[in-house]
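Colleague: Sequence:
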Amino acid sequence: MPRLAGAWVWLALAGAAGAQTDGPRISRAGPPATPVYSKDGTVVVYAPASKAGYRAPVLVFVDRTREELKRATRLKFGSQACPLEIAIGGKSAGDTRVLTARLRDREGGVRERIELPDPEAADLAKFRRAICAALLRAWMVDAGGTEASMRELPAWLVDGLVRYMDHEPRQADADRMLLLWSHACLPAAVELFAADSLAATREPAVAAMLASWFLEKRPALNAFEALLRGAATGTAWRPEGAGLLLAGTDDPAAFDAALDLWLLSEGRVVIKPGLTTCGIVRRFRAHLLLYPAEYGKTLDPSRTWRTFQEAVALADDPVIRRGAAAKALELRMAAFGRDGMLLAVSDAYAAFLNALARGEKQGELSRLLMEAEGMRKELERRTAQGAVLQRTVEK
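Position 112, counted from 1, in the sequence shown is what my numbering calls 94; the numbers after and before it change by one each time, with no gaps.
Derived from the structure by calculation, the hints contain no laboratory data. None of the values given here were measured: they were computed from a predicted structure. Where a beta carbon is used, it is the ideal one built from N, C-alpha and C, also for glycine. Heads up, some of the hints might be wrong.
No more than 30 Å apart at the CA atoms, straight line, and that leaves these computed lysine-lysine pairs for DSSO-like [unchecked claim]: (1) K52 / K343; (2) K58 / K343; (3) K343 / K254; (4) K21 / K58; (5) K73 / K199; (6) K199 / K108; (7) K52 / K21; (8) K359 / K343; (9) K199 / K343; (10) K73 / K21; (11) K108 / K52; (12) K21 / K108; (13) K73 / K108; (14) K254 / K359; (15) K108 / K254.
For each label pair, taking beta carbons as the anchor points, the in silico distance ranges come out as [to be verified]: (16) W287 / D124: 53 to 59 Å; (17) A31 / R364: 38 to 44 Å; (18) G341 / S247: 43 to 49 Å.
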């Protein structure tokens, strides 16, 4: 379990002091230290004097999390109408809790509050998630949300957003989601996007990928902003509403079709240039079949594809040759942006296919195909053992 104590070591310890306001509710361990504020005054950190050294590092962590959230959502966070306060407790007893609340003062103002009973032991991942959730709710207040109108986003969507903010697991998340999809392990779109979606709740990768669809929706519409504004002003979560934002339809079948197209396109995205994983290799292998366009005319209509080995035996057929030329280009595109080993495998298959398109003799075609197959099997062996292949990308 990640802990805060280790994270504070590398954070700067400088911070500005501000005027004393309400003190923390969770600590009675001696007098309070002067609170510290963010530059825009929308975040304040309280602590007892015994834990004063944690104030500035906590504030730096909150500010960094806020900046990551801003980059992910393309929204600005920090509300004067609903500030965020962090209360550091005086415990040193291994209390890992991260407590959250929304408080209302006598004048009717609201503020988000996060409490860390023991800053040395608090769960860092839970703290980061609590910061994001509080900032999202504060943004909704600025967007016109009131206590009566505001609606909660699904917990899996907030979890997915927080996971998406971390670049490191994105390729693994995409691989996991695409594997589940290719094995028909995902439900229909309206069930997948339900507020209590089991798939998104049980699979962090699925939650992160679904969140990414909202966050990366282009060109003009910021789908996540539209979602937040709706929730702020009383729109309850509905899968059909997600369909309208993401696919422009509230028809379940059309939403399903759009989901399939989106996932198909995600399989081609180069998330990290030069990276090749087991999932990427698995999807590359799916391209190693020939689908000639004129089936039913000159070839057996009972099957719409041919293996490359079968294509060698049919090398005199012009339909096969034309299909081979198109497949060579497809394979090069399937390896685009990946590491050198997958690029070499792609080049080897392209050399075979181009030779097939030119009408080379079967002996030469078999030799080229065996060479490409051997390279692919070595690549699959390495990635199946957990290796992640990556080349250095020059800037």
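Colleague: With a cut-off of 30 Å on the C-alpha distance, tell me whether K199 and K343 pass.
Modeller: violated (49 Å)
Colleague: Go ahead and decide if the range 43 to 49 Å is satisfied by the Cβ distance of G341 to S247.
Modeller: 35 Å Cβ-Cβ, so the 43 to 49 Å window is violated.
Colleague: Do the Cβ positions of W287 and D124 conform to the proposed distance bound of 53 to 59 Å?
Modeller: holds (55 Å)
Colleague: Taking 30 Å as the top limit, are the C-alpha atoms of K343 and K254 close enough?
Modeller: Roughly 40 Å separates the two Cα atoms, so the pair is violated.
Colleague: Sort out whether K343 lies within 30 Å of K359, counting only the CA atoms.
Modeller: holds (25 Å)
Colleague: Can you confirm whether the C-alpha distance between K108 and K52 stays at or below 30 Å?
Modeller: holds (19 Å)
Colleague: Hint check: K52 vs K343, CA-CA at most 30 Å. Holds or violated?
Modeller: violated (59 Å)
Colleague: Is the Cα-Cα distance between K52 and K21 30 Å or less?
Modeller: holds (16 Å)
Colleague: For the hint 38 to 44 Å, verify it against the beta carbon of A31 and that of R364.
Modeller: With Cβ atoms ~56 Å apart, the hint is violated.
Colleague: Regarding the pair K73 and K21, is the alpha-carbon distance no greater than 30 Å?
Modeller: Cα-Cα ~28 Å, so holds.
Colleague: Does K199 sit within 30 Å of K73, going by the straight-line distance between their CA atoms?
Modeller: Roughly 44 Å between the alpha carbons, so the hint for K73 and K199 is violated.
Colleague: Given the hint that K21 pairs with K108, does the C-alpha gap stay at or below 30 Å?
Modeller: Holds, at about 24 Å.
In summary, the structure is inconsistent with hints 1, 2, 3, 5, 9, 17, 18 from the numbered list given earlier, while agreeing with the others.
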